[in-house]
Amino acid sequence: MKKTPERVEILAAEYVLGSLKGPARLRFEGWMMESGRVRQEVWFWEQQLGALSTIAIPETPPPSIWSGIQQRLWPEHSKPKAPVSSRAGWFWPGWGLTATAAAVFFAVLLVLQPSPVPERPMLAGAIIEAELGDPLWLLSETDRGNLLKLRAVAAGSAESGKDYELWVVPEEGRPLSLGVLPASETHQVGLSDEAQSSLSGSRTLAISLEPEGGSPTGAPTGPILHVTKLYEL
Amino acid sequence: MAYAEVNQDELMRLLRSVARKDRKAFQELYSKVAARMFGLCIKLANHRELAEEAMQESFIQIWHHAGEYHRDRGAPLGWMMTIARYRTLDLMRARKVRQTTGDEHLDKVEDNRGGPLDDSLRISGSAQLTGCLEELSDVQRDSILLAYYRGFTHDELSKTLSSPVGTVKSWIRRGLMALKRCLER
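Top line first, the protein sequences correspond to chains G and H. UniProt numbering applies: residue 1 is where the first sequence begins, and numbers increase by one. UniProt numbering applies: residue 1 is where the second sequence begins, and numbers increase by one.
Read the hints as simulated data drawn from the structure, not as lab findings. Wrong hints could be hidden among the right ones.
Under the rule of at most 25 Å between Cα atoms (straight-line distance), these lysine to aspartate or glutamate pairs were calculated in the DMTMM-like manner [as the list claims (entries may be wrong)]:
1. H:K169 - G:E29
2. H:K169 - H:D155
3. G:K2 - G:E59
4. G:K21 - H:E28
5. H:K180 - G:E172
6. G:K162 - H:D155
7. G:K3 - H:E184
8. H:K43 - H:E156
9. H:K43 - H:E28
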């Protein structure tokens, strides 16, 4: 198809409006990459129709959006996401059944920790699936409880477009995200004071399946795949 | 385009800093535009969780691509709102969020005519766009506004407006071209 000025003009308008879809939209995006003239035409419409965007009534977004952005951009520095209040109570009623369905059982893993002697007992555990001989992940607290170390053993990658997300499940209240969990290698998670305190109380962690990059809401949105209780070393 | 109560020069300064990967500037930018952007995402998606996801993805895109912004893309806020609109539409298509519920949305568009829609556009300094939309036929304007605000496909427009797909396509194309001729006058 030739890029005649008339064709560029109408396709650019339809592209910005959103009515150009499917293969035609992809082909036009190719034209945008090739031609400055095509891009200029798109920018014209973006500016003109963009005025319609101003009509939308502003609405304060929930804090979980910003914490989610931080977590996705800088997972190594992010604190656990602020939970979304509307999700309160979602996790607890559902997780027992889901975890049972996932055919998971708990196991104790004793790992000897080197000195120095910590101020409270360090926790450790494993996430095990019944059919597999090897654990999926081995877990242990290090650095006086500031860090949680996870070593993937038999864990496979999440399905395409999905990620595993690790949660501290407190004795009461909503789960706290510890971020997305890679299915390979050793992974360390920094524990905030809140996460440490919750974990030393409940000793319970969970893994859910989430959209790529982690839960968009700050609370588990996908199935709870595994739940495990940690034990004192 | 002009946006009320937003200092575009300030946004421009913040975008430059974000392009240099300044996280503080990014947070400030977020605080300045988040409410407007979220309002747009919700209006478009009519689905809160999808709007939240679109917001996150939009800001992640802004973080990665701030250096690609330039004046030809329009005012900084307009550029960011355009990103949010595209991301929301992408997610709506990916999730196949269907908006068609009979004539409900059409009524909303019609109710706005000569009322809040026009007032908002005038307030935002887009009197020219308002004037040009007024020159379109009713079906052309409805088709364009439903596609813009609701991300309606031709099929969905066809159902909502009770007209064949070919007719709806023609309304949109002719309406857009008439709009352009008017805006260029």
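Quick rundown of the hints versus the structure:
1. H:K169 - G:E29: holds (20 Å)
2. H:K169 - H:D155: holds (10 Å)
3. G:K2 - G:E59: The hint is violated at about 44 Å.
4. G:K21 - H:E28: violated (35 Å)
5. H:K180 - G:E172: violated (59 Å)
6. G:K162 - H:D155: violated (31 Å)
7. G:K3 - H:E184: Holds, because 21 Å separates the two Cα atoms, which is no more than 25 Å.
8. H:K43 - H:E156: holds (17 Å)
9. H:K43 - H:E28: holds (24 Å)
Figure legend: structure checked against the earlier numbered hints; hints not met, in rising order: 3, 4, 5 and 6.
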